[in-house]
Structures are given as structure tokens and as C-alpha cells.
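Using the sequences provided together with the hints, build the complete structure.
The numbering of the sequence shown is the numbering used here, which starts it at 1083 and goes up by one.
Treat each hint with caution, since some may be false.
[What the hints assert, rightly or not] No farther apart than 30 angstroms at their CA atoms in a straight line, the calculated lysine-lysine pairs in the DSSO-like style are these:
| no. | residue 1 | residue 2 |
| --- | --- | --- |
| 1 | 1281 | 1385 |
| 2 | 1282 | 1411 |
| 3 | 1141 | 1201 |
| 4 | 1282 | 1403 |
| 5 | 1141 | 1130 |
| 6 | 1281 | 1403 |
| 7 | 1266 | 1282 |
| 8 | 1201 | 1140 |
| 9 | 1403 | 1198 |
| 10 | 1266 | 1411 |
| 11 | 1266 | 1403 |
| 12 | 1266 | 1281 |
If you're looking for bench data, these hints aren't it; they were derived computationally from the structure.
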Amino acid sequence: MAGRLSALIAAAACALLLAACGSPASESSKPESSAAAAESGSWPRSEKHELGTTEIAKKPMRIVSTSPSITGSLLAIDAPVIASAATTVSPLTDDRGFFTQWADVAEERGVEIAYKNLKIDIDRIDALEPDLIIGSANGGDATADAYAQLSEIAPTVMLDYSSSTWQDLTTRLAGMTGLEQHAKDRIAEYDTWVAGQAKKIALPKQPTTALVYMGADGSWAFTPESPQGQLLTALGFTYQPVAKQFRSDGQGGRGVDVLTSENSAAGLAEAQTVLTVAMGGGDPVADFTGDPLLANQPAVAGKRVYSLGTEAFRLDYYSAKRTVALLVKTFAG
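Written as C-alpha cells, this is what we have:
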């Protein structure tokens, strides 16, 4: 059972975090760029992205998202999402395959399932009559191979979300949908809220490292520059990267350093507190502290290992707020 769970976690993490990104194409000079057009509120807009440059003729009213990892950020700015791809049902999703952090919002707004299990259905997307398609150029929900077909249906933009904070992604999406003020308001509201929540936290012994524990396959430790590292820093935690000899430049910008089971203890030797993401459900704290190779790791020995919840792996506005709320509950002053 442990081996199968480890394989599930590794597969999910690999698919969602460590895929290679596409190469950006040259920028068109005809329509205004999204950034320039945002200043004037004009259309059409030209969006340079990982697979090319796309002209968006008018403010979109029927958006289809082929990336569940991007859908939450679209919903956060009240973008008119009519359908989204659904991933495989897991502890991270509802029974439709929508991620739990935004599934209720999607249901309230009548967002349909574009297709299930990340198996793209071109005919179904065509039948939805979108005026803008937004997807991922890399990762487990990537639809880069279908870019040409999707572009025949509607203007299509493919993004690399893996190395962006949710705030950066939200701002970029706002620029191509004409919802710039929505994004500014949402981010400002979040920042004010987080500042207030930080005052409620009695910090455990510092510094802290957050990670995904994968059993015999080791751990993926988030870097200080990762969205997870930045979230913890905003709350007052002192973030500790893995030991220098085990750093890997965040896996080429993906925000993690990979530790094998054999070098996890040495790589995490400076972490006085460890926060672990529950990628496969279950009890990530028991799994991590039960590893005999980690028995002398300071956080384990000091009983300062805590769950970061199931939603912290993929941060958007909704999952970031849930993660902060969990941390406040865990470390209430």
C-alpha cells in the first residue's frame, strides 16, 4: 500500500510540476500587447505566450480552460469561464475532477466539464463555442500538442504556470481578459487579509521548510522563491532551503529541490520545523515522522512536523487562502 501511495504521489507531482516548458515565439507587432492595451482598455490585444502570439479580437465572454491548474485563477478574477478540463478524481478534487479549492465556485457559476481525466476532446470544446481558450504548455494538464487544432476553434493562449506565483498568473490572465482591476482588487484584498492573519500566528521554532514527502522516493522541498516559500515568508516564517550541496536551482524554475530518501536528513538538517503537503491524502505527518532515515532530523526529533494540507501544492487565490487559514489554525497564538 505504501509503495502504491508513493507511486501515486510521485506521478501526480511529476505530471504537475516537472514537465518541460515550450519555447516562446516572436511577438507580433499588429495589435497592442495585453500590457499596453490594458492601459487604454482597447481591443484587439496581442498576447505573447509559450507557443506563439495570439490576437484576441474582443473582450472574451466564453472562455474554456483546458488547464485545471489555471481555472482557479480565472475564477478568482470573475472571468467568464464556461467550461474547464477536469483531472482524475483524487483526494485533491471533488467527484467531478475539479480541484477542491475552487470546485464550489465553479458549480455556483455553472462551469461545465469540458472533458474528463485530462483527455482532451476537441469536438466537445468546439461544441462549447468559446471565444477564448486558455491552457497549459507544460505539466500534466498540458494541451500544447493540440494547439493548432484549438486555434482553429478560437484564439488560444498556452501558458507556463509552473514558475509563476499565483499573483503573477492572475495578473497575466487579467490582461488578456480585460479584467485588470479585478486582479488588482483581488490581490490587494488578499495581501491585506494575510497581513492580518500573520498577527494571529505564534511561530514554531524557526527556520521552516515545506515539502512533499514521497516515501522511498524521498522528498521534494520547496525553494524560498516558490509560491509556497513566499506564502510562508509573508506570514513571518523564516524559510530554510535545503543544504547547499543538494540544491538544483529549483528544478529549472519549478520551485523544488529533489532529495533522495538517503540524503533527505542531511538536506533538511537546518530545518527546525517541517510542513508537509498531503498530496495523496492520508496522514503526511505520520508518514514523514515514521521514516527511520529521518529519526534524527531536528523537526522530527523535536516533534515539529505539521501538515500543510492537500491544497498547498498548487497555489491559486483560493488554495492560498485555505492554506493560510490552516496555518493560523495550527499555530494560533
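### Query
Which of the listed hints are not met by the structure?
Every hint satisfied by this model.
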